[in-house]
Amino acid sequence: MLLLMLEFFKVGLFAIGGGLATLPFLYELAEKYPWFTKAELTDMIAVSESTPGPIGINMSTYAGFNAGGLIGGALATLSLVAPSIIVIIIIARFLEKFSDNKYVNTAFGGIRPAVTGLIAAAGFGVIELCLFKSGFQLNRIWEFINIPNTILFGIILYLVIKFNKHPVFYIAGAAIVGLIFKL
Amino acid sequence: MKELLELFWIFFKIGGLTFGGGYAMLPMLQRELVETRNWATNEELANYFAVGQCTPGIIAVNTATFIGYKRKGIIGGIVATLGIITPSYIIISIIASFLKNFSNIEAVQHAFAGIRVAVAALIVFAVIKMWKTSVKSKIGIAFCIAAFLCTTLLPVSPVIIVFICGSLGIILMQMGRGV
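Protein sequence lines correspond, in order, to chains B and E.
Counted the way this note's numbering counts, the first sequence spans residues 1 to 183.
Counted the way this note's numbering counts, the second sequence spans residues 1 to 179.
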């Protein structure tokens, strides 16, 4: 169990850049330890796509659960987030101290437009995944458009911009539409 | 105590309703923190995402720690983080014990096909809002487009993009041009 905690602490410490960055580390764990297999890890990626929450957290809970039940799941997950809590609190303190610093502020001024672009890229990835059929080619774009999804996308985007309600309404509505129309 | 409970509850909701990883929680964060409570601005959210991108760990968790710390110090950071991971812990424990082939259930697949479309639309709107507050000059537009193209077309790590744009921001200021 200590080993489990140590290994997930290491994943939390070295995986920089979000959920998917944990994957290579998790594949390594699958090779080294009997907590989960590579096939289970692949299944887990599918499960993570169909449950809420970050994939790294889902995976550590699953592996910990296999290794030691509910307590194992809790310990693995807490070990995974412990390094980021420590690092972020240190950085937050630093930024608090330097919040009036001209250099810190201009650096962030340059970073914010870039982050907007990064998030747009992530959004583009999701759009590509759900509005186009796989194997999509730009020169034959019309054959690859997933028409029901594109219509739903247009409707939701219109409603979001017009009413700006809580995101959960749109998520729940889209889940129901998906069930009824078998998207 | 009351504010700690509120922190936990907000991030519990966000953790339970974020489908598809870190960036997908941006619409939820804007709603709960910027629009409903005035606890953060869109600029601050962009800063947190940038830091979360370059530090170890999951962006969603890092952002939760950041905002919790800002509201209530170290305990706030820990409470917010526990809030965002608890829903995953509960759901995955249930799936691991009872529903090992959960993602193969047909109804689940259809529902999630719909949810992904909603997430895509929500992210588009979130990006529009963030664009309005974060991109303020021609240079900013260039940074934004360059970051978008680099991550979609080339295998460039977001960490590198964040560092380059931060340094360029400082260099441009020295030359007397703001971003």
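Since the hints were derived computationally from the structure, they do not count as laboratory data.
All figures in this text were calculated on a predicted structure; none of them were measured in a lab.
From the three backbone atoms N, C-alpha and C, an ideal C-beta is built for every residue, glycine too.
A couple of the hints might just be wrong.
[Said to hold, decoys possible] Derived pair list, reagent style DSSO-like, types lysine-lysine, alpha-carbon separation capped at 30 Å:
id, chain 1, residue 1, chain 2, residue 2
1, E, K70, E, K13
2, E, K2, B, K162
3, B, K162, E, K132
4, B, K102, B, K133
5, E, K72, E, K138
6, E, K129, B, K102
7, E, K70, E, K136
8, E, K72, B, K102
9, B, K102, E, K132
[Claimed, not checked] Derived Cβ-Cβ restraints for the label pairs, each shown as a range:
id, chain 1, residue 1, chain 2, residue 2, range
10, E, P155, B, I147, 43 to 51 Å
11, B, L6, E, T41, 37 to 45 Å
12, B, K38, E, I141, 38 to 46 Å
Discussion item. Check whether the Cα positions of E:K129 and B:K102 lie no farther apart than 30 Å.
Written reply: At roughly 25 Å apart (the allowed maximum being 30 Å), B:K102 and E:K129 satisfy the hint.
Worksheet item: Holds or violated: E:K72 with B:K102, Cα cutoff 30 Å?
Response: holds (26 Å)
Worksheet item: Holds or violated: E:K70 with E:K136, Cα cutoff 30 Å?
Response: holds (26 Å)
Worksheet item: Does the Cβ distance between E:P155 and B:I147 fall inside 43 to 51 Å?
Response: violated (32 Å)
Worksheet item: Does the structure keep B:K162 and E:K132 at a Cα separation of 30 Å or less?
Response: holds (17 Å)
Discussion item. 37 to 45 Å was suggested as the range; check whether the CB atoms of B:L6 and E:T41 agree with it.
Written reply: At 39 Å between Cβs, range holds.
Worksheet item: Is the Cα-Cα distance between B:K102 and B:K133 30 Å or less?
Response: Status violated; Cα separation ~48 Å.
Worksheet item: Is E:K70 within 30 Å of E:K13, Cα to Cα?
Response: OK: E:K70 and E:K13 at ~19 Å, within 30 Å.
Item to complete: Could you say whether the range 38 to 46 Å given as a hint is met by the Cβ separation of B:K38 and E:I141?
Response: Roughly 43 Å apart at Cβ, these two residues keep to the hinted range, so it holds.
Item to complete: Verify the proposed pairing of B:K102 with E:K132, using a straight-line Cα cut of 30 Å.
Response: Roughly 22 Å separates the two Cα atoms, so the pair holds.
Worksheet entry | Hinted pair E:K72 and E:K138, Cα distance within 30 Å | At roughly 37 Å apart (the allowed maximum being 30 Å), E:K138 and E:K72 break the hint.
Item to complete: Please work out if E:K2 and B:K162 have their alpha carbons no farther apart than 30 Å.
Response: violated (34 Å)
In this structure, the hints that do not hold are numbers 2, 4, 5 and 10, in rising order.
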